[in-house]
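J.: Chains as they are written, first to last, in the working numbering: chain A, 1 to 501; chain B, 1001 to 1078.
Any given hint could be a false lead.
Below, computed lysine to aspartate or glutamate pairings styled on EDC-like, alpha-carbon distance capped at 20 angstroms [as the list claims (entries may be wrong)]:
1) B/LYS1058 with A/GLU234
2) B/LYS1028 with B/GLU1060
3) A/LYS258 with B/GLU1077
4) A/LYS258 with B/ASP1056
5) B/LYS1028 with A/GLU24
6) A/LYS491 with B/ASP1036
7) A/LYS455 with B/ASP1036
8) B/LYS1031 with A/GLU24
9) A/LYS454 with A/GLU477
10) A/LYS455 with B/GLU1047
11) A/LYS432 with B/GLU1059
12) B/LYS1058 with A/ASP261
13) A/LYS432 with A/GLU477
14) A/LYS455 with B/GLU1060
15) A/LYS495 with B/ASP1036
Hints in this document: simulated from the structure, not taken from any laboratory.
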Amino acid sequence: MHHILELLDRTASEHPRAVGFCDETASFTWEQTSRAVHGVGTALDALPGSVLHRPVGVYMERGTAALHAMLGVLAAGGFYTVLDTAQPPERVRAILDQLEPAALITDVAHAEVARALAGDTPVLDYQAAAATEANEARVAALRQAVIDTDLAYVLFTSGSTGLPKGVAITHRNVLAYSEWVVSTFGFSPDTVLGNQTPFYFSMSVTDLYGALRSGACLQVLPKRLFSFPVQLLEYLCARQVNTLYWVPSALGIVANWKALDYTAAPPLHTILFAGEVMPTAKLNYWRSHYPKARFANLYGPTETTDICAYYELDRDFRDDESLPIGRACENCGLLVLCGDRPAAPGEAGELCVRGSFVAAGYYRQPDKTAQRFVPNPVQTACPETLYRTGDLVQYNDRGELVYCGRLDNQIKHMGYRIEPGEIETAAFGQEKLDDCACVYDAARDKLVLFFQAKKDVTGELRARLAGRLPAYMQPAEYRRLRQMPHNANGKVDRKALAAML
Amino acid sequence: MHTIEEIIAMIEEVKPGLHPAPEEELVKSGKLDSVDIMSLVMALTGEFDIEITPLDLKEENFRTPQAILAMVQRLEEE
Chain A
1 MHHILELLDR
11 TASEHPRAVG
21 FCDETASFTW
31 EQTSRAVHGV
41 GTALDALPGS
51 VLHRPVGVYM
61 ERGTAALHAM
71 LGVLAAGGFY
81 TVLDTAQPPE
91 RVRAILDQLE
101 PAALITDVAH
111 AEVARALAGD
121 TPVLDYQAAA
131 ATEANEARVA
141 ALRQAVIDTD
151 LAYVLFTSGS
161 TGLPKGVAIT
171 HRNVLAYSEW
181 VVSTFGFSPD
191 TVLGNQTPFY
201 FSMSVTDLYG
211 ALRSGACLQV
221 LPKRLFSFPV
231 QLLEYLCARQ
241 VNTLYWVPSA
251 LGIVANWKAL
261 DYTAAPPLHT
271 ILFAGEVMPT
281 AKLNYWRSHY
291 PKARFANLYG
301 PTETTDICAY
311 YELDRDFRDD
321 ESLPIGRACE
331 NCGLLVLCGD
341 RPAAPGEAGE
351 LCVRGSFVAA
361 GYYRQPDKTA
371 QRFVPNPVQT
381 ACPETLYRTG
391 DLVQYNDRGE
401 LVYCGRLDNQ
411 IKHMGYRIEP
421 GEIETAAFGQ
431 EKLDDCACVY
441 DAARDKLVLF
451 FQAKKDVTGE
461 LRARLAGRLP
471 AYMQPAEYRR
481 LRQMPHNANG
491 KVDRKALAAM
501 L
Chain B
1001 MHTIEEIIAM
1011 IEEVKPGLHP
1021 APEEELVKSG
1031 KLDSVDIMSL
1041 VMALTGEFDI
1051 EITPLDLKEE
1061 NFRTPQAILA
1071 MVQRLEEE
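Isolated chain A, as found in the complex (with noise of 0.2 angstroms):
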């Protein structure tokens, strides 16, 4: 295979009456995707100059017509970037600037706003895109024009400077990936994934390319209803969904609410999450309700594809045990490194990436690049490429790598080394406690640990902590919130917290 859409073409041909792509609102079968994909695709190499190796933005809601205009592009011969409609423009313009797309696809609703951010770009109507009758002979054309190291699409992160960096990921880097994740937890034509994540957050791919590989139905859950979850688990058995891939938070809402005392239980089977360290409190609440169920703790950075190493829940834990991300993903080495050696045994280190995931770099960011994808310095005998994560990492004893938190997050104090992490996971388990980040205010050489919870447990969690903790890692301050602050992504946003300081 060189192509992602050959994996929809084998699909379409195998299940085309089967449910292929959901929203609220709207069904596709296989067939009704395969079609709509390429009619996206002829419609977009019809526009004045070639989108073939060039990039796209895809200005649209979350939804079955932005997959389909996605999958649009890679039909076209280009590559596609995700923009997120909810982000003020200035940001979106930013994405743009580096971009310099070939074309913009919107819809009805973005139409106004994207043609202003286009400026003399040509800007696509999916409505009238979708519904084009497909050239199939261009379209297979187009399809031999492109190779497997070509780009699939560009995905912006934040990066510490502000300026976002696009992770330029391939063909290849996706056929790897969802081969791995379809084979690893088993997707049939029989899973139904519950999309959590935006289309333009890593995690997505997993959802998307998981389904076009395995012919699984993908279900884009409603964003409004992670906000009343027990109307949400209510529409994940409407939908008959039995596989989740989501967000630490987004699994919190509902075990903070009990959410699955009030309600039938979802037919759930498969439960992974990634993107954030996984409260195990939480997941306890989880695995209560779902014994039999496969839990699945995944780790990876967006450079990575979306995951380069996993855990799978083979024993208990308790409330204030942290989970290990576990082992590498096929066609995924992994190294841990102190500067340009090998950790010794037992010593933290850097994680590093090597093989068939990791993306080709940051897209038009020849310097940032150089920074993070380097050359393998424990292997020199032929030019190969590392990935620096930037994240700690250790093995227990078990030869389980365990996550210790960010190179950069990590804090100095007293003379001592202290990962945040490790303070959160032992506060976690404090009964009451819906969520917390401890936050190293540099300025006045101070541990605070914000949280939420549904009572001030302030005393409760000092006591807590000072049984668990060594001195130098008590945090001098307790700082209740009425919410957590998260980033788009769902993720605790932990640049807001320190601007509280």
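Using the hints, position chain B against chain A.
T.: Using the frame of chain A, we list chain B on its own:
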């Protein structure tokens, strides 16, 4: 008895810049996201003597300021 102005003021506190009309749609329109709604729940239970259970936490009860007011009044009677 609570007034619609109280509810609107609370929404404004949770989401500065938003000053909805009593019948303005808040949820489907995305004017209040899940973080805003959780903050609003905390504010409502903090200000008023009510308990919002998972069964009360549903879209119909948060659709408009008027719907929120109706929920608060119903919960206070219970």
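J.: Against this structure, judge whether each hint is valid.
T.: Hints, one by one, checked against the model:
The straight-line distance between the Cα atoms of B/LYS1058 and A/GLU234 is roughly 11 angstroms, inside the 20 angstroms bound, and the hint therefore holds. Between the alpha carbons of B/LYS1028 and B/GLU1060 the distance comes to roughly 11 angstroms, so the proposed pair stays at or under 20 angstroms and holds. As the CA atoms of A/LYS258 and B/GLU1077 are separated by approximately 24 angstroms, the hinted pair breaks the 20 angstroms bound. Between A/LYS258 and B/ASP1056 the CA atoms are separated by roughly 13 angstroms; this keeps the pair inside 20 angstroms, and the hint holds.
Taken as a hint, the B/LYS1028 and A/GLU24 pair is honoured in the structure, with Cα atoms around 12 angstroms apart against an allowance of 20 angstroms. A distance of roughly 15 angstroms separates the Cα atoms of A/LYS491 and B/ASP1036; the hinted pair therefore holds under the 20 angstroms criterion. As the CA atoms of A/LYS455 and B/ASP1036 are separated by approximately 19 angstroms, the hinted pair is consistent with the 20 angstroms bound. Distance restraint check for B/LYS1031 and A/GLU24: the Cα-Cα separation of roughly 19 angstroms lies within the 20 angstroms cut-off, and the hinted pair is therefore satisfied.
Restraint check for A/LYS454 and A/GLU477: the C-alpha separation of about 19 angstroms stays at or below 20 angstroms, so the hint holds. A C-alpha spacing of about 14 angstroms is found between A/LYS455 and B/GLU1047, which places the hinted pair at or below 20 angstroms, so the restraint holds. Only pairs whose Cα atoms come within 20 angstroms are accepted, and A/LYS432 paired with B/GLU1059 is rejected, the gap being roughly 24 angstroms. Restraint check: the Cα-Cα separation between B/LYS1058 and A/ASP261 comes to about 15 angstroms, which is no more than 20 angstroms; the hinted pair holds.
Between A/LYS432 and A/GLU477 the alpha-carbon distance is near 19 angstroms, which keeps this suggested pair within the 20 angstroms criterion. Using a Cα cut-off of 20 angstroms, the hinted pair A/LYS455 and B/GLU1060 is violated, with the two alpha carbons roughly 26 angstroms apart. The suggested pairing of A/LYS495 with B/ASP1036 holds, with an alpha-carbon distance near 18 angstroms, which does not exceed 20 angstroms.
When each numbered hint is compared with the structure, violations occur for hints 3, 11, 14.
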